[in-house]
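Chain residues, written in single-letter form:
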Amino acid sequence: GAVVSQHPSRVICKSGTSVKIECRSLDFQATTMFWYRQFPKQSLMLMATSNEGSKATYEQGVEKDKFLINHASLTLSTLTVTSAHPEDSSFYICSVIWGARDEQFFGPGTRLTVL
Amino acid sequence: RKEVEQDPGPFNVPEGATVAFNCTYSNSASQSFFWYRQDCRKEPKLLMSVYSSGNEDGRFTAQLNRASQYISLLIRDSKLSDSATYLCVVSPDQTGANNLFFGTGTRLTVIP
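Line by line, the protein sequences are chains Y and G.
Positions in the first sequence are counted from 1; adding 42 to them yields this note's numbering.
Positions in the second sequence are counted from 1; adding 688 to them yields this note's numbering.
A few of these clues could be false.
[To be verified] For lysine to any residue, the following SDA-like pairs were computed, each having C-alpha atoms within a straight-line distance of at most 25 Å:
{"hint": "1", "chain 1": "G", "residue 1": "733", "chain 2": "Y", "residue 2": "44"}
{"hint": "2", "chain 1": "Y", "residue 1": "62", "chain 2": "Y", "residue 2": "116"}
{"hint": "3", "chain 1": "Y", "residue 1": "106", "chain 2": "Y", "residue 2": "93"}
{"hint": "4", "chain 1": "G", "residue 1": "733", "chain 2": "Y", "residue 2": "85"}
{"hint": "5", "chain 1": "Y", "residue 1": "62", "chain 2": "Y", "residue 2": "45"}
{"hint": "6", "chain 1": "G", "residue 1": "690", "chain 2": "Y", "residue 2": "87"}
{"hint": "7", "chain 1": "G", "residue 1": "730", "chain 2": "Y", "residue 2": "68"}
{"hint": "8", "chain 1": "Y", "residue 1": "83", "chain 2": "G", "residue 2": "786"}
{"hint": "9", "chain 1": "Y", "residue 1": "106", "chain 2": "Y", "residue 2": "49"}
{"hint": "10", "chain 1": "G", "residue 1": "690", "chain 2": "Y", "residue 2": "133"}
{"hint": "11", "chain 1": "G", "residue 1": "733", "chain 2": "G", "residue 2": "758"}
{"hint": "12", "chain 1": "G", "residue 1": "730", "chain 2": "Y", "residue 2": "156"}
{"hint": "13", "chain 1": "G", "residue 1": "690", "chain 2": "Y", "residue 2": "88"}
{"hint": "14", "chain 1": "G", "residue 1": "690", "chain 2": "Y", "residue 2": "85"}
{"hint": "15", "chain 1": "G", "residue 1": "733", "chain 2": "G", "residue 2": "747"}
{"hint": "16", "chain 1": "Y", "residue 1": "83", "chain 2": "G", "residue 2": "700"}
{"hint": "17", "chain 1": "G", "residue 1": "730", "chain 2": "Y", "residue 2": "129"}
{"hint": "18", "chain 1": "G", "residue 1": "730", "chain 2": "G", "residue 2": "787"}
{"hint": "19", "chain 1": "Y", "residue 1": "83", "chain 2": "G", "residue 2": "787"}
{"hint": "20", "chain 1": "G", "residue 1": "733", "chain 2": "Y", "residue 2": "64"}
{"hint": "21", "chain 1": "Y", "residue 1": "83", "chain 2": "Y", "residue 2": "61"}
{"hint": "22", "chain 1": "G", "residue 1": "733", "chain 2": "Y", "residue 2": "74"}
{"hint": "23", "chain 1": "Y", "residue 1": "108", "chain 2": "Y", "residue 2": "82"}
{"hint": "24", "chain 1": "G", "residue 1": "733", "chain 2": "Y", "residue 2": "154"}
{"hint": "25", "chain 1": "Y", "residue 1": "97", "chain 2": "G", "residue 2": "786"}
{"hint": "26", "chain 1": "Y", "residue 1": "56", "chain 2": "Y", "residue 2": "103"}
{"hint": "27", "chain 1": "G", "residue 1": "690", "chain 2": "Y", "residue 2": "145"}
{"hint": "28", "chain 1": "G", "residue 1": "690", "chain 2": "Y", "residue 2": "91"}
{"hint": "29", "chain 1": "G", "residue 1": "730", "chain 2": "Y", "residue 2": "91"}
{"hint": "30", "chain 1": "G", "residue 1": "733", "chain 2": "Y", "residue 2": "70"}
{"hint": "31", "chain 1": "Y", "residue 1": "106", "chain 2": "G", "residue 2": "690"}
{"hint": "32", "chain 1": "Y", "residue 1": "83", "chain 2": "G", "residue 2": "768"}
{"hint": "33", "chain 1": "G", "residue 1": "690", "chain 2": "Y", "residue 2": "81"}
{"hint": "34", "chain 1": "G", "residue 1": "733", "chain 2": "Y", "residue 2": "71"}
{"hint": "35", "chain 1": "Y", "residue 1": "62", "chain 2": "G", "residue 2": "730"}
{"hint": "36", "chain 1": "Y", "residue 1": "97", "chain 2": "G", "residue 2": "787"}
{"hint": "37", "chain 1": "G", "residue 1": "730", "chain 2": "Y", "residue 2": "155"}
{"hint": "38", "chain 1": "Y", "residue 1": "97", "chain 2": "Y", "residue 2": "130"}
{"hint": "39", "chain 1": "Y", "residue 1": "97", "chain 2": "G", "residue 2": "783"}
{"hint": "40", "chain 1": "G", "residue 1": "690", "chain 2": "G", "residue 2": "729"}
Derived by calculation from the structure, the hints in this document are not laboratory data.
Work out the full structure: start from the sequences and follow the hints.
If you want it as structure tokens, here you go:
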């Protein structure tokens, strides 16, 4: 069964609006969640590591004021793309660490299109 | 230079064929290695971890050559359902729980 869910699966918005994406761990507590972005025909790139109860750790080149991450509970992390622009259109995927071998499992992703 | 490099393909093979994908990584300190499978417009799913001694899971065989910083995936007796993009993934961590570096993937299409 699924380990992690994301909502929404698809969102289309106007330039300048903010979009919130939710990532939930299913039936277990995740103190750490990861947020990735994938542009067409490119590799997944880690944006940030979300830590429950503390600030997220952002990768180099990712603007923390533009991509707000909140990990307020052990089962939910949210990514808010603030003042979205067309160049933010991408596939956003979260992941969690789960299982006896500490493997990363990915959510189904959110496809964002900014008009 | 990219952390992980793969031949993007596409590889178009008939059902039943054997196909091999290769991948090279730039960080010699890498500790964990994986192959993920990604279907079109879906999330990546772990196919198998890659161990130094090489490992096999049914029709899939993975090999690691640390000296050459090279990873391979062999698929035998290809099925239509194998059609997907195969991602080579490397991590500097022992468990691969953090810091995953993804290749851009190799697209495979299995033809009836």
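Hints versus structure:
1. Simply put, residue 733 (chain G) and residue 44 (chain Y) have alpha-carbon atoms about 11 Å apart, close enough for the 25 Å limit, and the pair holds.
2. Annotation: proposed proximity of residue 62 (chain Y) to residue 116 (chain Y) holds, straight-line Cα distance about 18 Å (limit 25 Å).
3. For the hint pairing residue 106 (chain Y) with residue 93 (chain Y), the CA-to-CA distance comes to about 14 Å; that is within 25 Å, so the pair holds.
4. Proposed proximity of residue 733 (chain G) and residue 85 (chain Y) is supported: the alpha carbons are some 14 Å apart, at most 25 Å.
5. Taking the CA atoms of residue 62 (chain Y) and residue 45 (chain Y), the gap is about 21 Å. The hint holds against a cut of 25 Å.
6. Pair hint residue 690 (chain G) plus residue 87 (chain Y) holds up; C-alpha atoms about 12 Å apart against a cutoff of 25 Å.
7. With a C-alpha separation of about 18 Å, the suggested pair residue 730 (chain G) and residue 68 (chain Y) falls inside the 25 Å cut-off, and the hint holds.
8. Restraint check for residue 83 (chain Y) and residue 786 (chain G): the C-alpha separation of about 23 Å stays at or below 25 Å, so the hint holds.
9. Distance hint between residue 106 (chain Y) and residue 49 (chain Y) is fulfilled; the C-alpha atoms sit about 21 Å from each other, no more than 25 Å.
10. Between residue 690 (chain G) and residue 133 (chain Y), the direct Cα distance comes to roughly 20 Å. Compliance with the 25 Å bound is thereby established for this hinted pair.
11. For the given pair, residue 733 (chain G) sits about 21 Å from residue 758 (chain G) by alpha-carbon distance, which is consistent with the 25 Å threshold.
12. Restraint check for residue 730 (chain G) and residue 156 (chain Y): the C-alpha separation of about 19 Å stays at or below 25 Å, so the hint holds.
13. Taken as a hint, the residue 690 (chain G) and residue 88 (chain Y) pair is honoured in the structure, with Cα atoms around 14 Å apart against an allowance of 25 Å.
14. At most 25 Å may separate the alpha-carbon atoms for a hinted pair to count; residue 690 (chain G) and residue 85 (chain Y) meet this at roughly 10 Å.
15. A hinted pair counts as satisfied when its Cα atoms are at most 25 Å apart, and residue 733 (chain G) with residue 747 (chain G) qualifies at roughly 17 Å.
16. A threshold of 25 Å between alpha carbons decides the hint, and for residue 83 (chain Y) with residue 700 (chain G) the separation of about 18 Å falls inside it, so the pair holds.
17. Distance check on the hinted pair: residue 730 (chain G) and residue 129 (chain Y) sit about 21 Å apart at the alpha-carbon level, within 25 Å; holds.
18. Only pairs whose Cα atoms come within 25 Å are accepted, and residue 730 (chain G) paired with residue 787 (chain G) is accepted, the gap being roughly 21 Å.
19. Annotation: proposed proximity of residue 83 (chain Y) to residue 787 (chain G) holds, straight-line Cα distance about 21 Å (limit 25 Å).
20. Proposed proximity of residue 733 (chain G) and residue 64 (chain Y) is supported: the alpha carbons are some 19 Å apart, at most 25 Å.
21. This hinted pair checks out: residue 83 (chain Y) and residue 61 (chain Y) have alpha carbons roughly 23 Å apart, not beyond 25 Å.
22. Straight-line distance between C-alpha atoms of residue 733 (chain G) and residue 74 (chain Y) comes to about 19 Å, which keeps the hinted pair within the 25 Å bound.
23. The suggested pairing of residue 108 (chain Y) with residue 82 (chain Y) holds, with an alpha-carbon distance near 21 Å, which does not exceed 25 Å.
24. A hinted pair counts as satisfied when its Cα atoms are at most 25 Å apart, and residue 733 (chain G) with residue 154 (chain Y) qualifies at roughly 21 Å.
25. Proximity of residue 97 (chain Y) to residue 786 (chain G) is assessed by CA-CA distance (about 17 Å); at most 25 Å being required, the pair is judged to hold.
26. This hinted pair checks out: residue 56 (chain Y) and residue 103 (chain Y) have alpha carbons roughly 24 Å apart, not beyond 25 Å.
27. Between residue 690 (chain G) and residue 145 (chain Y) the alpha-carbon distance is near 23 Å, which keeps this suggested pair within the 25 Å criterion.
28. Pair hint residue 690 (chain G) plus residue 91 (chain Y) holds up; C-alpha atoms about 21 Å apart against a cutoff of 25 Å.
29. A C-alpha spacing of about 21 Å is found between residue 730 (chain G) and residue 91 (chain Y), which places the hinted pair at or below 25 Å, so the restraint holds.
30. As the CA atoms of residue 733 (chain G) and residue 70 (chain Y) are separated by approximately 19 Å, the hinted pair is consistent with the 25 Å bound.
31. Under the criterion of a C-alpha separation no larger than 25 Å, the hint pairing residue 106 (chain Y) with residue 690 (chain G) is consistent with the structure, at around 24 Å.
32. A hinted pair counts as satisfied when its Cα atoms are at most 25 Å apart, and residue 83 (chain Y) with residue 768 (chain G) qualifies at roughly 22 Å.
33. Proximity of residue 690 (chain G) to residue 81 (chain Y) is assessed by CA-CA distance (about 16 Å); at most 25 Å being required, the pair is judged to hold.
34. In summary, the hint linking residue 733 (chain G) to residue 71 (chain Y) is supported, as the alpha carbons are separated by about 20 Å, within the 25 Å threshold.
35. Among the hinted pairs, residue 62 (chain Y) with residue 730 (chain G) is consistent with the structure: their alpha-carbon atoms are about 20 Å apart, no more than 25 Å.
36. As the CA atoms of residue 97 (chain Y) and residue 787 (chain G) are separated by approximately 18 Å, the hinted pair is consistent with the 25 Å bound.
37. Note on residue 730 (chain G) and residue 155 (chain Y): the hinted pairing holds, with a Cα-Cα distance of about 16 Å set against a maximum of 25 Å.
38. Distance check on the hinted pair: residue 97 (chain Y) and residue 130 (chain Y) sit about 22 Å apart at the alpha-carbon level, within 25 Å; holds.
39. Our distance criterion of 25 Å between C-alpha atoms is met by residue 97 (chain Y) and residue 783 (chain G), whose separation comes to about 24 Å.
40. The hinted pair formed by residue 690 (chain G) and residue 729 (chain G) meets the criterion: a straight-line CA distance of about 23 Å does not exceed 25 Å.
Checked against the numbered hints given earlier, this structure breaks none of them.
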